[in-house]
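Add chain E to chain U, keeping to what the hints say.
As they're listed, the protein sequences go chains U and E. Take 1 as the starting number for the first sequence in the working numbering and just add one per residue. Take 1 as the starting number for the second sequence in the working numbering and just add one per residue.
In short, the hints are calculated from the structure, not lab data. Mixed in with the good hints, there may be bad ones.
As the list makes no split between identical chains, a pair holds if one copy fits it or if it spans any two.
Calculated lysine-lysine pairs in the DSS-like style (CA-CA distance at most 25 Å, straight line) [stated by the list, open to error]:
1) 171 - 39
2) 163 - 320
3) 99 - 337
4) 247 - 310
5) 290 - 99
6) 247 - 337
7) 337 - 310
8) 337 - 163
9) 55 - 222
10) 206 - 320
Number of protein chains: 2
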Amino acid sequence: MKILKTLSICAISASFLFASNSLITKSKENGFKAIPADKTELLKLIDDEGNPLTKEKIELGKKLYFDPRVSKSGIISCNTCHNLGLGGADGVSAAVGHKWTANPHHLNSPTVYNSVFFKSQFWDGRSPHLADQAKGPIQAGPEMAALPTLVEKRITSMPDYIKEFRAAYGKNAKIDFDLISSTIALFEKTLVTPAPFDDYLNGDKKALNDAQKKGLNTFIDKGCASCHNGIAVGGTMQPFELAAKYKFASIGDFKGNDKGMVKTPTLRNITETAPYFHNGAIWSLNEAIKEMGSVQLGITITDIEANEIKDFLTSLKGRKPVITYPQLPESTIDTPKPDFN
Amino acid sequence: MKILKTLSICAISASFLFASNSLITKSKENGFKAIPADKTELLKLIDDEGNPLTKEKIELGKKLYFDPRVSKSGIISCNTCHNLGLGGADGVSAAVGHKWTANPHHLNSPTVYNSVFFKSQFWDGRSPHLADQAKGPIQAGPEMAALPTLVEKRITSMPDYIKEFRAAYGKNAKIDFDLISSTIALFEKTLVTPAPFDDYLNGDKKALNDAQKKGLNTFIDKGCASCHNGIAVGGTMQPFELAAKYKFASIGDFKGNDKGMVKTPTLRNITETAPYFHNGAIWSLNEAIKEMGSVQLGITITDIEANEIKDFLTSLKGRKPVITYPQLPESTIDTPKPDFN
Chain U
1 MKILKTLSIC AISASFLFAS NSLITKSKEN GFKAIPADKT ELLKLIDDEG NPLTKEKIEL
61 GKKLYFDPRV SKSGIISCNT CHNLGLGGAD GVSAAVGHKW TANPHHLNSP TVYNSVFFKS
121 QFWDGRSPHL ADQAKGPIQA GPEMAALPTL VEKRITSMPD YIKEFRAAYG KNAKIDFDLI
181 SSTIALFEKT LVTPAPFDDY LNGDKKALND AQKKGLNTFI DKGCASCHNG IAVGGTMQPF
241 ELAAKYKFAS IGDFKGNDKG MVKTPTLRNI TETAPYFHNG AIWSLNEAIK EMGSVQLGIT
301 ITDIEANEIK DFLTSLKGRK PVITYPQLPE STIDTPKPDF N
Chain E
1 MKILKTLSIC AISASFLFAS NSLITKSKEN GFKAIPADKT ELLKLIDDEG NPLTKEKIEL
61 GKKLYFDPRV SKSGIISCNT CHNLGLGGAD GVSAAVGHKW TANPHHLNSP TVYNSVFFKS
121 QFWDGRSPHL ADQAKGPIQA GPEMAALPTL VEKRITSMPD YIKEFRAAYG KNAKIDFDLI
181 SSTIALFEKT LVTPAPFDDY LNGDKKALND AQKKGLNTFI DKGCASCHNG IAVGGTMQPF
241 ELAAKYKFAS IGDFKGNDKG MVKTPTLRNI TETAPYFHNG AIWSLNEAIK EMGSVQLGIT
301 ITDIEANEIK DFLTSLKGRK PVITYPQLPE STIDTPKPDF N
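So here's chain U without its partners, still in its complex pose:
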């Protein structure tokens, strides 16, 4: 009896092991990619030969990211809408910026975490990379509302910023809007959050619990991985409303790019970044999962299946980089004043 029991336990373990192996294989075959556990390998993915990451640039980029003086009013920073403590987003339906203005298209702030892995930036994918993206919200009237010349004047009015730009880029660095934006982007590139799901894909079979594995299987079988794949578990442009009309399509006027394509949001850290969809109209993750089934896949996802998928999604909650809140350079008498109009 005892031998039988032992054998039986061994059999279960073996089958479990096999199942895990095949699920990892299935995941990879369906386009999932792990964030590399190896830092050098990760660096290869995110680093740009033209403007390589250095400690000085990252630290400076962090300061600019947290500095509200990059906005016209002086009270809105990148972190206001892409809050690194709130999954890299703001937790409101439509972003609210300068003069308390909601995004005129009722667009939801996407997370900044892992955005380095997106094929393009913004909901309509109009921006090819983060250095270009960063220029948008800083200037946009309903966001930070700052003219490039204002940003340049503010930053170059502070000797400590000038010192740091020179330390990062050399004595002759031209501190202009391009360099300021691209430095912010360099910091953003480092905002990568490896999750249990990466550990699992990288071979740690115990990184996912049984419910998460079951959910992963359901996620793939239902077809969700046809768009939510790759290292970003999203981040590519896809046609929207493939199967049916989105039930909250009337909120805001966003219809994708000129071909009706919409950027697939990453599902990394998705449990932290409600509300969902481009117009932030759905607050429940289960409801969002079911709606996606209907809108994109033309299927009914049951409550049970939605719960399973949600279980899988919890395995995408990543380990956030430890961010020391920066001490920002002192303003000077020459720093252009806050402007609330």
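The following block gives chain E in isolation, referenced to the frame of chain U:
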């Protein structure tokens, strides 16, 4: 000749030493107190037997301090107006909060750093301590505009917050507005910034350079230390416009408390917290120094003297506590939604 030179150097050193010693004595006689270098001694000053500081409470208080969901809109946190990267203030004349509303009395956000040492809180000193103070801006319509019940519902809708409150205060902790506010205050109590001036008072004669020492002497001789003294270098209630009318008195309607008394702002980190005065009408520190001479002391402070005093004030720029930006608990479907109205 060589001997003479050596003797002469000794004499200079000795006189320098004596001058330093006597200036430290003079400083203490004029009411300055150092932030204790010894942590146990510092703890004695800021700790409260009724609600002692613990790691769990401080960490939880930090989360609440940085959490914009404490506000009605969900996008304004304590750190918005008391930005720990900007000297603990916001760098704008009058605080701007909910619905982009400026403070109706045109009051400037005071720094949170070292506020534990203030005898009372707010510009009119109406609040006896930080735990009481924290309740004000959270509820104030033009600031965070949140009803206590809303704050309670938001916080208690997040299991991770409940867990942390229990870890900090025990299983039966009643997570109400009072406890939330006083926990924020516990974090604020730790925001103490020892500066070169403290090192100097604590005996390190080289902590101040000659210009700063000269400025300290001028500061005392001109009478500035009659209000700006103690460990906070300010923080007590004083009659305002003792000698003359403040030149920007017409901006805003603030006239102090019912006795015309106004809280003397701390001068710690003052180089980081322009603009100055209760209505943030003066952007230049030199101008503020001269105006104080006229308004409070009835004297003319020359440009040279103002520069000297400013040199001293640079020695009050303190070493900020290293703050790891917190990862905030996830909202749930029960978390009351952001409200921008």
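Right, here's what the structure says about each hint:
Neither within a single protomer nor between protomers do residue 171 and residue 39 lie at most 25 Å apart by alpha-carbon distance, with minima of 30 Å and 41 Å respectively. For the identical chains of this complex, residue 163 and residue 320 are inter-copy neighbours only, at 20 Å across copies versus 29 Å inside a copy, given an alpha-carbon limit of 25 Å. In this assembly of identical chains, residue 99 and residue 337 lie within 25 Å of each other by CA distance both inside one copy and across copies; the values are 16 Å within and 21 Å between. Taking the closest pair of Cα atoms, residue 247 and residue 310 come within 25 Å of each other only inside a single copy of the chain (20 Å); across copies the shortest separation is 62 Å, beyond that limit.
In this homomeric assembly, residue 290 and residue 99 never come within 25 Å of each other (Cα to Cα): the closest approach is 36 Å inside a single copy and 35 Å across copies. In this assembly of identical chains, residue 247 and residue 337 lie within 25 Å of each other by CA distance solely across copies; the values are 20 Å between and 45 Å within a copy. For a Cα distance limit of 25 Å, the shortest separation of residue 337 from residue 310 across copies, 21 Å, qualifies, whereas the shortest one inside one copy, 47 Å, does not. Taking identical chains as interchangeable, the C-alpha atoms of residue 337 and residue 163 lie at most 25 Å apart only when both belong to the same chain, with a minimum of 21 Å there against 43 Å between chains.
When the C-alpha separation of residue 55 and residue 222 is checked against a cutoff of 25 Å, the pair qualifies neither within a copy, at 43 Å, nor between copies, at 46 Å. In this homomeric assembly, residue 206 and residue 320 come within 25 Å of each other (Cα to Cα) only inside a single copy, at 21 Å, whereas the closest approach across copies is 42 Å.
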